[in-house]
Amino acid sequence: MARRYDSRTTIFSPEGRLYQVEYAMEAISHAGTVIGILSKDGIVLAAERQATSNLLEQSIGSEKIYEMNDNVVAGVAGLTADANILINQSRVIAQRYLQRFDSPIPVEHLVRRLCDLKQGYTQFGGLRPFGVSFLCAGWDPTFGFQLYQSDPAGNYSSWKAACIGENYSNAQSILKQEYKDDDSSDAGSNSSNVGSAGTRMTMDDALKLTCVVLSKTIDTAKLTSEKLEFATITLKDDKPYIHIYSSEEIDEVLKKYDSVMKPSED
Amino acid sequence: MARRYDSRTTIFSPEGRLYQVEYAMEAISHAGTVIGILSKDGIVLAAERQATSNLLEQSIGSEKIYEMNDNVVAGVAGLTADANILINQSRVIAQRYLQRFDSPIPVEHLVRRLCDLKQGYTQFGGLRPFGVSFLCAGWDPTFGFQLYQSDPAGNYSSWKAACIGENYSNAQSILKQEYKDDDSSDAGSNSSNVGSAGTRMTMDDALKLTCVVLSKTIDTAKLTSEKLEFATITLKDDKPYIHIYSSEEIDEVLKKYDSVMKPSED
Amino acid sequence: MARRYDSRTTIFSPEGRLYQVEYAMEAISHAGTVIGILSKDGIVLAAERQATSNLLEQSIGSEKIYEMNDNVVAGVAGLTADANILINQSRVIAQRYLQRFDSPIPVEHLVRRLCDLKQGYTQFGGLRPFGVSFLCAGWDPTFGFQLYQSDPAGNYSSWKAACIGENYSNAQSILKQEYKDDDSSDAGSNSSNVGSAGTRMTMDDALKLTCVVLSKTIDTAKLTSEKLEFATITLKDDKPYIHIYSSEEIDEVLKKYDSVMKPSED
Amino acid sequence: MARRYDSRTTIFSPEGRLYQVEYAMEAISHAGTVIGILSKDGIVLAAERQATSNLLEQSIGSEKIYEMNDNVVAGVAGLTADANILINQSRVIAQRYLQRFDSPIPVEHLVRRLCDLKQGYTQFGGLRPFGVSFLCAGWDPTFGFQLYQSDPAGNYSSWKAACIGENYSNAQSILKQEYKDDDSSDAGSNSSNVGSAGTRMTMDDALKLTCVVLSKTIDTAKLTSEKLEFATITLKDDKPYIHIYSSEEIDEVLKKYDSVMKPSED
Amino acid sequence: MARRYDSRTTIFSPEGRLYQVEYAMEAISHAGTVIGILSKDGIVLAAERQATSNLLEQSIGSEKIYEMNDNVVAGVAGLTADANILINQSRVIAQRYLQRFDSPIPVEHLVRRLCDLKQGYTQFGGLRPFGVSFLCAGWDPTFGFQLYQSDPAGNYSSWKAACIGENYSNAQSILKQEYKDDDSSDAGSNSSNVGSAGTRMTMDDALKLTCVVLSKTIDTAKLTSEKLEFATITLKDDKPYIHIYSSEEIDEVLKKYDSVMKPSED
Amino acid sequence: MARRYDSRTTIFSPEGRLYQVEYAMEAISHAGTVIGILSKDGIVLAAERQATSNLLEQSIGSEKIYEMNDNVVAGVAGLTADANILINQSRVIAQRYLQRFDSPIPVEHLVRRLCDLKQGYTQFGGLRPFGVSFLCAGWDPTFGFQLYQSDPAGNYSSWKAACIGENYSNAQSILKQEYKDDDSSDAGSNSSNVGSAGTRMTMDDALKLTCVVLSKTIDTAKLTSEKLEFATITLKDDKPYIHIYSSEEIDEVLKKYDSVMKPSED
Amino acid sequence: MARRYDSRTTIFSPEGRLYQVEYAMEAISHAGTVIGILSKDGIVLAAERQATSNLLEQSIGSEKIYEMNDNVVAGVAGLTADANILINQSRVIAQRYLQRFDSPIPVEHLVRRLCDLKQGYTQFGGLRPFGVSFLCAGWDPTFGFQLYQSDPAGNYSSWKAACIGENYSNAQSILKQEYKDDDSSDAGSNSSNVGSAGTRMTMDDALKLTCVVLSKTIDTAKLTSEKLEFATITLKDDKPYIHIYSSEEIDEVLKKYDSVMKPSED
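Respectively, the protein sequence lines represent chains H, Y, F, P, W, Z and A.
For the first sequence, the UniProt record's numbering gives the first residue as 1, with consecutive numbering after it.
For the second sequence, the UniProt record's numbering gives the first residue as 1, with consecutive numbering after it.
For the third sequence, the UniProt record's numbering gives the first residue as 1, with consecutive numbering after it.
For the fourth sequence, the UniProt record's numbering gives the first residue as 1, with consecutive numbering after it.
For the fifth sequence, the UniProt record's numbering gives the first residue as 1, with consecutive numbering after it.
For the sixth sequence, the UniProt record's numbering gives the first residue as 1, with consecutive numbering after it.
For the seventh sequence, the UniProt record's numbering gives the first residue as 1, with consecutive numbering after it.
Calculated directly from the structure, the hints in this document are not laboratory data.
One should not assume that every hint holds.
What the hints assert, rightly or not - To spell it out: a stretch of chain W is covered by chain Z in this simulated footprint if at least three of its residues, at any positions, have a beta carbon under 8 Å from a beta carbon of chain Z; those stretches are:
| id | segment |
| --- | --- |
| 1 | 119-130 |
| 2 | 147-161 |
To be verified - Result set (PhoX-like, lysine-lysine): computed pairs, CA atoms no more than 20 Å apart in a straight line:
| id | chain 1 | residue 1 | chain 2 | residue 2 |
| --- | --- | --- | --- | --- |
| 3 | A | Lys176 | H | Lys227 |
| 4 | F | Lys227 | Y | Lys176 |
| 5 | A | Lys227 | Z | Lys176 |
| 6 | F | Lys216 | F | Lys256 |
| 7 | Z | Lys236 | Z | Lys40 |
| 8 | Y | Lys256 | Y | Lys227 |
| 9 | P | Lys222 | P | Lys255 |
| 10 | Z | Lys180 | Z | Lys222 |
| 11 | W | Lys176 | Z | Lys176 |
| 12 | A | Lys227 | A | Lys256 |
| 13 | W | Lys227 | W | Lys40 |
| 14 | W | Lys227 | W | Lys256 |
| 15 | W | Lys176 | W | Lys40 |
| 16 | P | Lys40 | P | Lys255 |
| 17 | H | Lys176 | Y | Lys227 |
| 18 | W | Lys227 | P | Lys176 |
| 19 | P | Lys227 | F | Lys176 |
| 20 | H | Lys255 | H | Lys222 |
| 21 | P | Lys239 | P | Lys256 |
| 22 | H | Lys180 | H | Lys40 |
| 23 | F | Lys236 | F | Lys40 |
C-beta: ideal position from N, C-alpha, C; glycine also.
Let the sequences and hints guide you as you build the complete structure.
Right, dumping it as structure tokens:
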């Protein structure tokens, strides 16, 4: 029955669903996995490259991780061409904010603007939704490090650790088990001390956890820098510092946490 | 037969129904419950968060309750992305009013403008209705505290106590039984003394009633601050004061009224 | 066969009918009844509220009866959200007229403008008709008191007594029997003395007749102010004076004519 | 087979027909009859009101006959709301002409402009044709009294006596038999002395003929002013003078020609 | 199979045909015949009126033959309302040309502009083709007398004698046999002396031939001025002179050539 | 299966074809043949007129061959009305170029602009492709004589000899056999000496070859000037000189090469 | 099932695919092969011409390889008319960049702009995707030589050696085997020394490899300059230098590497 309501974003099904938006999410579920983990002193983003070939020029630009602004870096899952459009828009939005207010754009503000754009494509005729999800890792003085996930419907939410793309539910459940957060014992207790990340895991723990999740999620014999992209956002001299890893750096990280990345026999 | 008339907002069915609008309302009936209760000295809003995960960052922003203006706070049920668009619009409308008339926007005026916007999406081609309902709690000097409910069709009405989202009819019937209003004995008698809330329940009663309704409506073993959002609008120095509760405050409230919140065996 | 021609306002059926407009009228036939009766010294409007709940805040605003201008008050049957749009438009039209001509808008002029607006929604693609009918009661110096009915097609007509909404045909036939008009004996004889209402019924008679019709039309054990709205337009110091009744006033009226409002056994 | 080509004004059927336009004409064939008869010294228009009720206010405005300009009066058959739009347009066109050329608009010019407007609605997408026909009776210095008929397709033609609406073909055939025109013996002979109506019937003859046709066309026991509208355009001080009959005047006319209006037994 | 490609002007059928254009031409094949014959000193246009009634006012305006400009007169076959639009446009085009270049518009230029307009309606969505063909008879100093035929597709061609409307192929074959053109013996020989009509037939011959063709084409016992329109364009003081015949003049012509107009027994 | 993808230019079939464009080409394959042959000192264009009648006025304008600019002449196959639009556009483009750069438009530039226009009609909704192909023969100082063919898709290519319209493949294969080009022995050797036509055939050879191809392609007993149009572009005083042949000149050419134009028995 | 979702770019299939985009790619898979190989000191582009005829004028312009800017040359596979539009756009983009920043456009910037344009045609209604892929070879000071491939979806990626068009997968697999890149042993090791091409193959190697791939991919007895286009971009005086090969030069290259181009027996 779904069939009658699934060809336009401008109609609800009798159950109140928007099938085109769900199909767009389906597109994302075939894309390479992207993982983000919030730590005490920064955020780790890691992404899986699905298409690899020794003929691909890997030295220029990254494919799955993009700097949106000085204080925001995003991992992308879904249609790359759609992502490009939204990343361009995000950069323009961030720069306009800077120009107008002479202050870097708050992370949530940027994510919300991006999502409003996406929402429009689910409500107006003659358009299709953007077939792309983002994990946006950013820092601003008010809320500190933040990790947002946005989907094709234009929804976004704030996470301590999140995952989008292929096998995302698998990765998410590993994250739930493994993510260490001293707050988690007394959930909600730190809701007033926003901006201080309390007794969360360190960047090293986050990197390690990322490797664990990747090794259990990505279906490959051995993880190599060829199939992965890594980025971190940390503070340097009290300013957000985005670092996109080179192949060598990725290999170093992989080597360092090699021991924890046993083949997922379970 | 309904099938022939349910794929556009721009056609009536032979019975004079707009199916797309009804389907949009269906979307809302799957969303987390939002409850609003008007008391003598303010309004209580409470909302259920459906998606919970220990990985969700709860410290930043609320998900279901938004400040629309200095004197209006709204609880949202339905598609979050749609809600964001309308909340943005509402804020702009409220600020423009302030700028033009140098006076805070009357609550009904804001709600009406919001609803006119919604109505347009049910009458023009190539659009779908907004899949979101609001409970708007506000105060203005003319009519005092007011609680409005608006639906995807663009209708709104003024309530003493209202509920939207999942199980709303259940909650509504509990409210009908439990809501104490000295006017209710002589209905209509206070229709002339608008602005004075007469012998209505106090904020404490309202909070208590809210907890009762929530405990009987939400399908969970125990209510925690993780699954709930609370907000109140009261008067402070004769000015409207909106307070969105922190997790700790929610837990306090829950503890305080723990006794009345027995599992709904009936 | 009707089926092929009923999904757009922009096509005629082979019999020359516009089904979408007829379906919109169907929507109105489910709405609460609105009655208007023209008397010698004014017009009575009464409307039935269908949705009632002790939780509804009745003290703020009316739901079915709206002031359109200083000299026009309207009762509404149909989709409330659609009505709001048209009432806003009417108010703007009336104010623009006042501003341009420094004289209150003639009643028919306002109704015609409103209807022209409605007509457009029955002729252009990508729109649906407004699902709302109006009873507009007004006064202007040229034609005195006037009562107009308008439908979703954009037609309007002038009545001595009219009814829209649920059971309208029932109410209309009672009105035909009961409406006293000394002209009716020599129909047409007063067509030249427009503006003078001749030997028509008084406001008291009109109120009484309204109560009779309401009691026989609305399917309820006992009429209360909770289910009703009343308004009158009369002359006060030679200026039109619109009075929307408070709950108490409605109850008074109901009490006064209680005797005539026996349950409709016939 | 017609079915495939009848849902839009923008397609021809294989036989070169525009079904939507024909369906619009069908709408007119259910409307009240309008008759126009050209006489030596003026034109008589008469129209049948289909909806009658003693509750209808007959003293304000006419329903079927409208003044378009100082020198043009029109009878309308079809959708009233559509007619209103076109009459408004006609009045604007006529006034603009007057303003620009300081001379009343020639009758045919006005009719042509009206028809061009109608034509557009039969050729462009997303529109339906206007479901209304006009009989326009007018006078201008160049061509004297003229009677035009226009249909939903945007065609118009000039007649000595014409009829639109229900039973129009019946009325037309009576007119053919009864219409006296001394030219008819030597058809075409007066084609050069345009402007002089020669030996045509007088206004009285025209009124009488109108009554005859009405009595044989309208399906009622007795014609009354309640079911009829009458208007004439004549010359007064060399200026066109439009007179719309009051109920009393209609009754007088009906009484005067009562003898010729026997029930149509044939 | 044609069925799938015949509902829009914007699609070709697999055979490369535009069915909607062909259907529009079908509409023309039911219209009254129009004949044009080029002679040495002018052009004769004759048109058949299909709808005749003694109630039609024949004294005002012609129905099938229109002056487009001082130097161009056109006969029309097809939908009259469509023709009116195009004639208006033509007149504007011709006047704009005159205003800009201070010289009458060349005949072909006007025809081409008219046809470009028509073409647009066969290529863009949401429109139907104009259902009308023209025979344009004109004169300009460069090419002398010219006779153009244009169809709904926007094609035009130059003819010595042409016919459109009902029975056009019949008329065309009579014209082929009867048209006398001394050039025809040595075809092409006069292609260089454009502007001089050489040894073509005289206006009298053309009028006679027109009558012959009409009598054999129109299905009527006897041709009368009631069913016909005649026009000629000739030179008068070296200026184009358009003459539209009055009824009397038509009757004279018919009487004059009565002998050659025997009933078409073949 | 093709059926599902052939009704719009805006969809690809699963095989990546645009059926509407192919259908438009089909329209061209029924049009009169146009042949163009490049020679050492100019280009010959010849076109077949399909519709001939002794009633057609041949002395005014050509039907298949048009001057686009001082240096470009084009032969047209397909829908004439479409061609007219494009030729108008081409002339405007060429004149604008001249005005802006004070230099005649390069031939390829004009052809490309024309084709870009055509392309748009194959990619945007609500349009059909232009049903017309061109053979454009032109000269510019940079590349000398050039012969381009363009199709409804908006593709163009440069040819030494080309043919469009009915029987084009037949004509093309004759041209392949008969076209003499000393370069053809060492293909590509002259690719550097653009602008010099080397040892190509002379204009006389080209005219002769044209006649041969025409006689073998066109299905007629004897070619006459009535069925043909001829044009050449050559250099005269170092300026491009376009000559469109008169009937006499065509007859002369036909007579001259009569011997080679034996009936195509093969 | 695919059938329901494959007729518009504006809908996702339930699997999250955009069929129209895939069909557009199908169009490309029938186009002539284009190969690009990055070497130490430049890039080689080679393209197969599918349509060859001795009547085609090969001396003017190339058909498959276009200069986009002083520093970018592109090979095209797919619909030529679509490619023309995009190449025009690219040239304008590049020139605008130069004008604004007084510096040649970075290669990736140009490719991204081109792809954003393509993306739009896959998301908005009433359009079809561009049916064309590009191989863009360019040089800029920051990243040195770069080879990008873009598809109809608007995706692009950077390659060391790439192939589009017919048999592209075959060619791609040969390239994978044969492409020599000293980096390939320690993949990723040069990711930091962007701009230096390290120990890659020389231009001669690249040309040779191109010939090998062409000979094994193109289905012809012997490769000739008639069926091929070649272009290189190298540095000359530290400026990018684009060279499009003449027929002679192509033949020279083919002769030089004749030995390696044995018929592909495997």
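Structure-based check of all given hints:
For the segment 119-130 of chain W, the stated coverage by chain Z holds: 7 residues have a C-beta nearer than 8 Å to a C-beta of that chain, and at least 3 were required. Coverage of a stretch by a chain is defined here by at least three residues with a beta carbon nearer than 8 Å to that chain's beta carbons; for the segment 147-161 of chain W and chain Z the count is 9, and the condition holds. Taking the CA atoms of lysine 176 of chain A and lysine 227 of chain H, the gap is near 17 Å; set against the 20 Å cutoff, the hint holds. Proposed proximity of lysine 227 of chain F and lysine 176 of chain Y is supported: the alpha carbons are some 17 Å apart, at most 20 Å.
The hinted pair formed by lysine 227 of chain A and lysine 176 of chain Z meets the criterion: a straight-line CA distance of about 17 Å does not exceed 20 Å. This hinted pair checks out: lysine 216 of chain F and lysine 256 of chain F have alpha carbons roughly 17 Å apart, not beyond 20 Å. Using a Cα cut-off of 20 Å, the hinted pair lysine 236 of chain Z and lysine 40 of chain Z holds, with the two alpha carbons roughly 14 Å apart. For a cut-off of 20 Å, the pair hint linking lysine 256 of chain Y to lysine 227 of chain Y stands: about 17 Å separates their Cα positions.
About 11 Å separates the Cα atoms of lysine 222 of chain P and lysine 255 of chain P, which keeps this hinted pair within 20 Å; it holds. For the hint pairing lysine 180 of chain Z with lysine 222 of chain Z, the CA-to-CA distance comes to about 26 Å; that exceeds 20 Å, so the pair is violated. Our distance criterion of 20 Å between C-alpha atoms is broken by lysine 176 of chain W and lysine 176 of chain Z, whose separation comes to about 41 Å. The hinted pair formed by lysine 227 of chain A and lysine 256 of chain A meets the criterion: a straight-line CA distance of about 17 Å does not exceed 20 Å.
Taking the CA atoms of lysine 227 of chain W and lysine 40 of chain W, the gap is near 27 Å; set against the 20 Å cutoff, the hint is violated. Our distance criterion of 20 Å between C-alpha atoms is met by lysine 227 of chain W and lysine 256 of chain W, whose separation comes to about 17 Å. Between lysine 176 of chain W and lysine 40 of chain W, the direct Cα distance comes to roughly 17 Å. Compliance with the 20 Å bound is thereby established for this hinted pair. Taking the CA atoms of lysine 40 of chain P and lysine 255 of chain P, the gap is near 23 Å; set against the 20 Å cutoff, the hint is violated.
Restraint check: the Cα-Cα separation between lysine 176 of chain H and lysine 227 of chain Y comes to about 17 Å, which is no more than 20 Å; the hinted pair holds. Proposed proximity of lysine 227 of chain W and lysine 176 of chain P is supported: the alpha carbons are some 18 Å apart, at most 20 Å. Between lysine 227 of chain P and lysine 176 of chain F the alpha-carbon distance is near 17 Å, which keeps this suggested pair within the 20 Å criterion. Between the alpha carbons of lysine 255 of chain H and lysine 222 of chain H the distance comes to roughly 11 Å, so the proposed pair stays at or under 20 Å and holds.
A threshold of 20 Å between alpha carbons decides the hint, and for lysine 239 of chain P with lysine 256 of chain P the separation of about 27 Å lies outside it, so the pair is violated. For a cut-off of 20 Å, the pair hint linking lysine 180 of chain H to lysine 40 of chain H stands: about 11 Å separates their Cα positions. Distance restraint check for lysine 236 of chain F and lysine 40 of chain F: the Cα-Cα separation of roughly 14 Å lies within the 20 Å cut-off, and the hinted pair is therefore satisfied.
Hint check: violations occur at hints 10, 11, 13, 16, 21; the rest are consistent with the structure.
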